[in-house]
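Participant: For the sequence shown, the residue numbers in UniProt numbering are 1 to 166.
A few of these clues could be false.
To be verified - Using C-beta positions, here's what the derived DEER-type ranges look like:
no.: 1; residue 1: 70; residue 2: 22; range: 10 to 20 Å
no.: 2; residue 1: 118; residue 2: 47; range: 31 to 41 Å
no.: 3; residue 1: 117; residue 2: 45; range: 14 to 24 Å
no.: 4; residue 1: 134; residue 2: 53; range: 35 to 45 Å
no.: 5; residue 1: 98; residue 2: 67; range: 13 to 23 Å
no.: 6; residue 1: 119; residue 2: 72; range: 13 to 23 Å
no.: 7; residue 1: 116; residue 2: 72; range: 14 to 24 Å
no.: 8; residue 1: 90; residue 2: 150; range: 16 to 26 Å
no.: 9; residue 1: 89; residue 2: 68; range: 16 to 26 Å
no.: 10; residue 1: 113; residue 2: 152; range: 16 to 26 Å
no.: 11; residue 1: 105; residue 2: 54; range: 30 to 40 Å
no.: 12; residue 1: 92; residue 2: 120; range: 14 to 24 Å
no.: 13; residue 1: 67; residue 2: 100; range: 18 to 28 Å
no.: 14; residue 1: 46; residue 2: 135; range: 17 to 27 Å
What the hints assert, rightly or not - Once the Cα atoms are required to be at most 20 Å apart in a straight line, the calculated SDA-like pairs of lysine to any residue come out as:
no.: 15; residue 1: 159; residue 2: 96
no.: 16; residue 1: 159; residue 2: 106
no.: 17; residue 1: 164; residue 2: 26
no.: 18; residue 1: 164; residue 2: 146
no.: 19; residue 1: 159; residue 2: 116
no.: 20; residue 1: 164; residue 2: 25
Hints were generated in silico from the structure; no laboratory data involved.
The C-beta atom is built at its ideal place from N, Cα and C for all residues, glycine as well.
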Amino acid sequence: MRTFTAALLAVLCGAAGCGGDSRLVAARTAHVRFGYPKGWQRQAGGAFTAVRVENGRTVARLTVLERPVAATTAALAVAALQAGRLIGRDYRRGPVQTVHVAHADSASRLSYSYLSDDRPRRPTEGTDVVAVRNRAVYVVRVTAVRGELPAADVDAIVKSVALKGD
Numbered sequence: 001m002r003t004f005t006a007a008l009l010a011v012l013c014g015a016a017g018c019g020g021d022s023r024l025v026a027a028r029t030a031h032v033r034f035g036y037p038k039g040w041q042r043q044a045g046g047a048f049t050a051v052r053v054e055n056g057r058t059v060a061r062l063t064v065l066e067r068p069v070a071a072t073t074a075a076l077a078v079a080a081l082q083a084g085r086l087i088g089r090d091y092r093r094g095p096v097q098t099v100h101v102a103h104a105d106s107a108s109r110l111s112y113s114y115l116s117d118d119r120p121r122r123p124t125e126g127t128d129v130v131a132v133r134n135r136a137v138y139v140v141r142v143t144a145v146r147g148e149l150p151a152a153d154v155d156a157i158v159k160s161v162a163l164k165g166d
């Protein structure tokens with residue numbers, strides 16, 4: 001019976017977006033469940049952050065932002081979150097796509113690129129999953145030096161995002 005229960009839980013968890021991809025480590029915050037690639041290092045601090053380090057330099061980062069703004073839809077949340085970035089000379093906003101995030105009223109995936117602030121400045125690509133429930137906004141942000149994070153890993157992270165149910 002325990003084996004059946006464990007198998008059922010694994011199937012339900014995968015269907016709910018809580019880390020069914022074997023390439024990912026399951027993680028959670030107070031309101032968000034998600035996965036990040038194995039081998040990344042969890043950072044200490046307030047917001048959840050995990051990084052991938054190559055040759056002593058951070059080449060990819062995942063950060064979870066809980067309630068950075070309030071909005072009624074993911075589209076409005078994306079606009080609010082990107083407003084300051086749009087004035088950056090090197091910032092390029094990419095496409096915004098509607099995505100499914102379990103337990104969210106609405107959710108969007110935003111792609112963008114910019115030059116990093118570190119020296120030397122490096123082309124960086126980012127993907128934000130922005131989910132809204134009851135005007136509360138939750139963001140899973142993935143950024144990486146161009147060419148350092150496979151698109152399949154980004155897609156797996158995006159698919160893993162779910163808000164915790166009530």
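Participant: Against each hint, give a clear statement of whether it holds in the structure.
Facilitator: Going through the hints against the structure:
In this structure, residue 70 and residue 22 break the distance hint of 10 to 20 Å, their C-beta atoms being roughly 36 Å apart. With their beta carbons about 19 Å apart, residue 118 and residue 47 fall outside the hinted range of 31 to 41 Å. The hinted window of 14 to 24 Å between residue 117 and residue 45 holds, with their beta carbons roughly 18 Å apart. As the Cβ distance of residue 134 to residue 53 is approximately 37 Å, the hint placing it in 35 to 45 Å holds.
Our hint of 13 to 23 Å for residue 98 and residue 67 holds, since their Cβ atoms are close to 21 Å apart. Look at residue 119 against residue 72: about 41 Å separates their beta carbons, and that is not inside 13 to 23 Å. Between residue 116 and residue 72 the Cβ separation comes to about 33 Å, which falls outside the hinted range of 14 to 24 Å. For residue 90 and residue 150, the Cβ-Cβ distance of about 23 Å falls inside the hinted range of 16 to 26 Å, so the restraint holds.
Evaluation of the 16 to 26 Å hint for residue 89 and residue 68 yields a pass: the beta carbon distance comes to about 23 Å. Taking the beta carbon of each, residue 113 and residue 152 are about 19 Å apart, inside 16 to 26 Å as hinted. The hinted range of 30 to 40 Å is satisfied by residue 105 and residue 54, whose Cβ atoms lie roughly 38 Å apart. Restraint check, residue 92 to residue 120: a C-beta distance of roughly 19 Å satisfies the suggested window 14 to 24 Å.
Evaluation of the 18 to 28 Å hint for residue 67 and residue 100 yields a pass: the beta carbon distance comes to about 21 Å. Restraint check, residue 46 to residue 135: a C-beta distance of roughly 22 Å satisfies the suggested window 17 to 27 Å. For the suggested pair residue 159 and residue 96, the alpha carbons sit about 15 Å apart, so the restraint of at most 20 Å is met. In summary, the hint linking residue 159 to residue 106 is supported, as the alpha carbons are separated by about 14 Å, within the 20 Å threshold.
Distance hint between residue 164 and residue 26 is fulfilled; the C-alpha atoms sit about 13 Å from each other, no more than 20 Å. For the suggested pair residue 164 and residue 146, the alpha carbons sit about 31 Å apart, so the restraint of at most 20 Å is broken. Restraint check: the Cα-Cα separation between residue 159 and residue 116 comes to about 26 Å, which exceeds 20 Å; the hinted pair is violated. A distance of roughly 17 Å separates the Cα atoms of residue 164 and residue 25; the hinted pair therefore holds under the 20 Å criterion.
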